[in-house]
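Line by line, the protein sequences are chains A and B.
Numbered by this note's numbering, the letters in the first sequence go through residues 1 to 304 in order.
Numbered by this note's numbering, the letters in the second sequence go through residues 305 to 555 in order.
One or more hints might be untrue.
Have a look at the derived ranges for each label pair, beta carbon to beta carbon [claimed, not checked]:
1) A/Ala191 <-> B/Ile476: 34 to 44 Å
2) B/Leu434 <-> A/Ser131: 50 to 60 Å
3) B/Leu492 <-> A/Lys147: 52 to 62 Å
4) B/Tyr487 <-> A/Gly89: 23 to 33 Å
5) B/Gly324 <-> A/Ala191: 44 to 54 Å
6) B/Thr306 <-> A/Lys147: 17 to 27 Å
The set of hints was computed from the structure by calculation and includes no laboratory data.
Note that the Cβ used here is the ideal one computed from N, Cα and C, for glycine as well.
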Amino acid sequence: MTAIEISQLTKTFGTVRAVDGVSFTVEAGTITGFLGPNGAGKTTTLRCLLGLVAADSGTALINGQSYAHLGSPISAVGAVLEATSFHPGRTARNHLRVLCVSAGLPESRADEALEQVGLADAAGQRVGGFSLGMRQRLALAGALVGKPKVYILDEPSNGLDPAGIQWLRGFLRYLAEETGAAVLVSSHVLAEVQQTVDHVVIIAKGKLVHQGRLADLTVNGSTPVRVVAREADRLGPALERAGGKVDPAPAPENAAAESAAGVLTVRGMTPEAIGQVALDERVVLSELVRERSGLEQIFLELTA
Amino acid sequence: MTRLVKAELLKVFTTRMVWGMLALSLGFTLISLAALSILSGQEGVPSITESAGAIALFSSAASGLVFAFIIGTLVMTGEYRFQTITHTFLITPRRERVVAAKLAACAVVGAIFGVAGMLLSAVVAVPAILIKGGSLSVIDGDIARVGVGVIAAMALYTILGLAMGSLLGNQIAAMVVGIGWIYVLENLLVVLLPSVGRWLPGGAAQAVFGVAPPIGGTPYLPAWGGALLLAGYALVFAVVASTTTIRRDIT
Ligand SMILES: Nc1ncnc2c1ncn2[C@@H]1O[C@H](COP(=O)(O)OP(=O)(O)OP(=O)(O)O)[C@@H](O)[C@H]1O
Ligand SMILES: [Mg+2]
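Pulled out of the complex, with its shape left as it was, chain A reads as follows (with noise of 0.2 Å):
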């Protein structure tokens, strides 16, 4: 089922255009990692999305309505975005109160998403004394009050601590693998969601770059695979004419040692279809391994 669903979104703040023609969707029951640098446009698509920016065209659906349509919103989606805040004099249950008593919800709704995010002991506690992960957990036990289907959470490991991280990660997984919800996580780090999404959408300078399932991202064969060999002079036009795409790999601080002992970075070839024309040239090669950065590599020329 299709849960979220953006359609050629366009949003300009004066003369940046923000999100620009923007499409993608976001199915029940997975986890999508929305991924792209600083200023890509994420924040601005999940704010439209909410309803919270108008966008100038295009349209931004969640369980095929928009935002203002949902018959009563917190009970369909759960967000937690950046730059939200809580006031500093309110204490932790006393925020969530507010949001059950406007949502027309039991208020001991409160009390148990503070249980679920592990802040019980805090509730009564300022929101001023506060560090940035209790804020963080505080903002996903508003997002939990209705028991929404849909999540929608703006870089939420900002401000956690690797524990916190790791916390995160399973409860997400909780959410779509146990209750089925659709769970759109934006990031501008990609090995941050690496473990976590099943899916990601990568945007650009407000442009939507690509799309798919993480395992595609992986394998389609760009993922560079860096190659040793004496003879690399020899093996790296036989890897050209079988259609890799070779570069001496880029070793700044012992460069001439390397290019020596013969480094290749090849892309758009398996390790073993390099190894099989090692093979055949009767190239010794001495080091045969994918790039462990290959992932962050490809995010960084897919959003260059």
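Given the structure of chain A, go ahead and fit chain B with the ligands onto it with the hints provided.
Just chain B with the ligands, lined up with the frame of chain A:
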């Protein structure tokens, strides 16, 4: 709609600011009550044992209008300052309903300030009038009108604050403009240029209280005229508050 109003009231009363402002408002009322009682009958001050003086004494309840105004500004600017407006509009994306709830909540908060002020006034004014040898009968015919006037004025100024907060979005700016208006411009105009001043919210409030105009000045509007004028201002402010809030992008 009632639950939105309830939520707005919860927002106001779950911060400490409201109690501080109420305390200041009552403090100003107390100062005015003390001054009018002590100076009663002296040069230029009406005697509190007479109708005009008694009305002025009870009207002290409205001395803290500016604090009601400040609470009104906070109802809106606090949401922008702390970015809680995002939560508010996520829960209620139909923004006109949020504004309506805030207007209603401001009226209630202002009325609470007014009632508290009237209670304090009564507690001080009644013994003061009796000590000065007066009779409470001098105020009999006016007390209800003064009370309603004080409550209405407090409610209106809270709404005025809300409108100013919506228009400017910034707490400090809204407060500076509001305080400048209430303490400087409006006071000066009501006293120095009463032909204009009587048409301002402050002049309208004086008309409802039934306070006598400054000696030799243009009389205030009749009480009903003042009430109508206050209602008109409330309407204008409500429109300002909603139009400025509904279209704004929340980024
Ligand atoms: N209120 C605004 N007024 C003017 N320009 C804005 C506004 N909000 C966003 N922009 C611009 O729109 C573009 C996209 O911003 P946006 O916040 O959506 O990016 P982002 O992908 O969320 O970035 P980040 O990773 O830094 O959070 C940026 O160029 C930004 O400067
Ligand atoms: Mg952002």
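Hints violated by the structure (numbers, ascending)
Per hint list: zero violations.
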